Amino acid sequence: MSSRWTWRVLALPGVAWLTVFFLLAFYVVIAVAFGNQNSLSEPVAFWNPLDWNVGYMLATLQNIWNGEQFFTVFVRTFVFVTLALALALAIGYPVAYFAARHAGRWKGLVLMLLILPFWINYLMRMLAWINLLSPDGLGTRFLSAIGIERLFISANLLAAKGGWLEGQPFTVIMALTYGYLPFLILPLYASLDRIDQRQIEAARDLGASPAGAFRRVTLPLSRPGILAGMVLIALPMFGDYYTPDLVSSSTKTNMIGNQIDQLTRQGSSKVVGASLTLILASLLLGLMFYYLRGTRSADDRGED
Amino acid sequence: MDRLRNPWGRPRFLVLVTGFYVLWSLIPVGLAVLFAFNDGRSRTTWQGFSTRWFTGATGSVLHDPALQGALRHTLFLGVVCVLVATPIGVALALGLQRWRGPGGGTINTVMLLPLVTPELVMGVALLLLFLQVLPGIGLGSSAQVIGQVTFTISYVVVIVRGRLVSIGKDYEEAAADLGAPPHDQLIRVLLPLLAPAIIASAAVVFAISLDDFVVTQYLSGDASTTTVSMLLYASARAAPTPALNALATIALLITLATLGLAYLVYKRFASSDDAAVMAGLEV
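In order, the protein sequence lines correspond to chains F and L.
Following our numbering, the numbering of the first sequence begins with 1 at its first residue and continues without gaps.
Following our numbering, the numbering of the second sequence begins with 1001 at its first residue and continues without gaps.
Chain F extracted, bound-state conformation (with noise of 0.2 Å):
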């Protein structure tokens, strides 16, 4: 019995911290969506739901429901959310495959290189395209150089020579992939790295082609880590405004993450931004809960 509270004392202050600095938070941000602002558009919260008032919320939800600027935002937001992924999931999975199946004895080196970027600042790691895509950086001399500058001009993907940090959605999407990658290698190397190599042998042996060994086991092995990997780097995705500043600097690539940040920390409403992060992190709600409920399933199979 005395044990039984050593363990719950334990966890105290842990559980105190996390319902005053992330529950309590969460409220408050429910509590100022909720609520009001004053002459001075500052935030007048409303702790009591039933003295709510949902002026400002629905306000922001008929922004986004005609069409206007909120709308737009989160399209665009979607659009470059789901092109990153779509991008980061097609070199990433061929890397983490070779890294789990062929890498042989590379494979330590292999693993760490890709872990590397993975502990770089994700600051840093832009700040280096930056440098790179400046007007007279080694970047864009070098993409000049073999083409590609003329080529994405003249497919009207990029505005002018030299222009690539300058508004280019291209870029925005580039650069979130480039960001976001390696947080989605390491969970897909880890569920193909975890198929038994036996279950291929065995779909070989009763006839299964290389690909149809590929498609039939592989594929639908790993498609827990795929799925996880995919939410893991499109819930911090949605949430970014620090990468479209930095590689575009542009209004024409604003993402929701740009709207918030302009409306709560840089402050021109809190009260409007606190709404419009209570609709976003209810959109997101879903793929949170998926994303802990696999873990959990996880956790649950290496205790038994």
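In case anyone wonders, no lab produced these hints; they're calculated from the structure.
Only a predicted model underlies this, so the values are computations on that prediction, with no experimental measurement involved.
Be careful, since some hints might not be right.
[Stated by the list, open to error] Chain F side only, calculated, beta carbon under 10 Å to chain L, not exhaustive:
no., residue
1, Ala11
2, Leu24
3, Glu42
4, Val95
5, Tyr97
6, Leu123
7, Met124
8, Ile130
9, Ser134
10, Gly139
11, Gly273
12, Leu278
[Said to hold, decoys possible] Distance condition first, Cα-Cα at most 20 Å in a straight line; then the derived SDA-like pairs of lysine to any residue:
no., chain 1, residue 1, chain 2, residue 2
13, L, Lys1169, F, Trp5
14, F, Lys107, L, Phe1020
15, F, Lys107, L, Leu1264
16, F, Lys252, L, Arg1237
17, F, Lys107, L, Leu1023
18, F, Lys161, L, Thr1044
19, L, Lys1267, F, Leu116
20, F, Lys107, L, Leu1026
21, F, Lys107, L, Arg1012
22, L, Lys1267, F, Val110
23, L, Lys1267, F, Gly108
24, F, Lys107, L, Pro1011
Glycine included, every Cβ here is placed at the ideal spot set by N, Cα and C.
Chain L: place on chain F using the hints.
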């Protein structure tokens, strides 16, 4: 061996994609590090090797107050964050692992939520919390520490719990059979066994704190609470000198050295399975 052949044809394609990806992911950063050593103001034209942007008399990380201040403040936040988040996280991991009765599942879910909540959402929530409910603490260093601790606790719990699972209950039960009271089981048996995981999680917390941007920016106060990440964000497009690259390089080296050391410690004392957790392969 033939039957294990890569189903997409020859692995040459895979080698190519992997090689391309590794070069693509690392060369830009490598060049950014290289230009930190440029003997000129350009970040694109090589003008000879120099350490002037690290230690030179003017405009270097060592002598520019803004750059030096950012590095100092980043390290300060990292150390405090480790000192607060690690004990709370270790205790929570132990408590949750042995939790019997109702409430355990809910706490577990809430504990994991910060890992998947977009940082922007947490940033907004904490910003409004400090403005609306805790104006006494206000924005600045304390708020930044609190914000970073809030989402690093979860990493500590995940790492420590992984180790708890692999240790099992045998040692504790043996101690109990020999008459050790609960706090002795904890202090003399469990904690020593957990030491590698505690070191690993402290290193991970430190690295995450150093690299953190969103929550740290949302909870920053005056200019003295600017971190390396914040400075990178603010100056990257404003025609900076290679000193910015130098600053980023120093922060990078500190992060990698910390993780490298912790990884060696962990590998020495724990099984390789657990090492995978630390390397970020499984969360």
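Outcome of the hint check:
A least Cβ separation of about 3 Å between F:Ala11 and chain L falls short of the 10 Å threshold, and the interface hint therefore holds. Against a cut-off of 10 Å between C-beta atoms, the interface hint on F:Leu24 holds, since the closest Cβ of chain L lies about 7 Å away. For F:Glu42, the interface hint holds, the least distance from its beta-carbon to any beta-carbon of chain L being 8 Å, beneath 10 Å. At about 5 Å, the closest approach between the beta carbon of F:Val95 and any beta carbon in chain L falls short of 10 Å, and the interface hint on this residue holds.
With a cut of 10 Å, the hint placing F:Tyr97 at the interface with chain L holds, because the nearest CB-to-CB distance is about 6 Å. For F:Leu123, the interface hint holds, since its Cβ comes within 10 Å of a Cβ in chain L; the closest pair sits about 4 Å apart. Taken as an interface hint, F:Met124 checks out: its beta carbon lies about 4 Å from the nearest beta carbon of chain L, inside 10 Å. Hint status for F:Ile130 relative to chain L: holds, with the closest Cβ pair at about 5 Å, below 10 Å.
Among the interface hints, the one on F:Ser134 holds; its C-beta lies about 7 Å from the nearest C-beta in chain L, closer than the 10 Å criterion. For F:Gly139, the shortest C-beta to C-beta distance to chain L is roughly 8 Å, which falls under 10 Å, so the interface hint holds. With its C-beta approaching chain L no nearer than about 7 Å, F:Gly273 sits inside the 10 Å limit, and its interface hint holds. Restraint check, F:Leu278 versus chain L: the minimum CB separation of about 9 Å is within 10 Å; hint holds.
Using a Cα cut-off of 20 Å, the hinted pair L:Lys1169 and F:Trp5 holds, with the two alpha carbons roughly 18 Å apart. Of the pairs offered as hints, the one joining F:Lys107 and L:Phe1020 holds, with about 17 Å between alpha carbons and a cut-off of 20 Å not exceeded. A hinted pair counts as satisfied when its Cα atoms are at most 20 Å apart, and F:Lys107 with L:Leu1264 qualifies at roughly 18 Å. Annotation: proposed proximity of F:Lys252 to L:Arg1237 holds, straight-line Cα distance about 17 Å (limit 20 Å).
Between F:Lys107 and L:Leu1023 the CA atoms are separated by roughly 17 Å; this keeps the pair inside 20 Å, and the hint holds. In summary, the hint linking F:Lys161 to L:Thr1044 is supported, as the alpha carbons are separated by about 17 Å, within the 20 Å threshold. Restraint check for L:Lys1267 and F:Leu116: satisfied, since their Cα atoms lie roughly 18 Å apart, inside the 20 Å limit. The straight-line distance between the Cα atoms of F:Lys107 and L:Leu1026 is roughly 18 Å, inside the 20 Å bound, and the hint therefore holds.
The suggested pairing of F:Lys107 with L:Arg1012 holds, with an alpha-carbon distance near 16 Å, which does not exceed 20 Å. Note on L:Lys1267 and F:Val110: the hinted pairing holds, with a Cα-Cα distance of about 18 Å set against a maximum of 20 Å. Restraint check: the Cα-Cα separation between L:Lys1267 and F:Gly108 comes to about 14 Å, which is no more than 20 Å; the hinted pair holds. Taking the CA atoms of F:Lys107 and L:Pro1011, the gap is near 15 Å; set against the 20 Å cutoff, the hint holds.
When the structure is compared with the earlier hints, no violation turns up for any of them.
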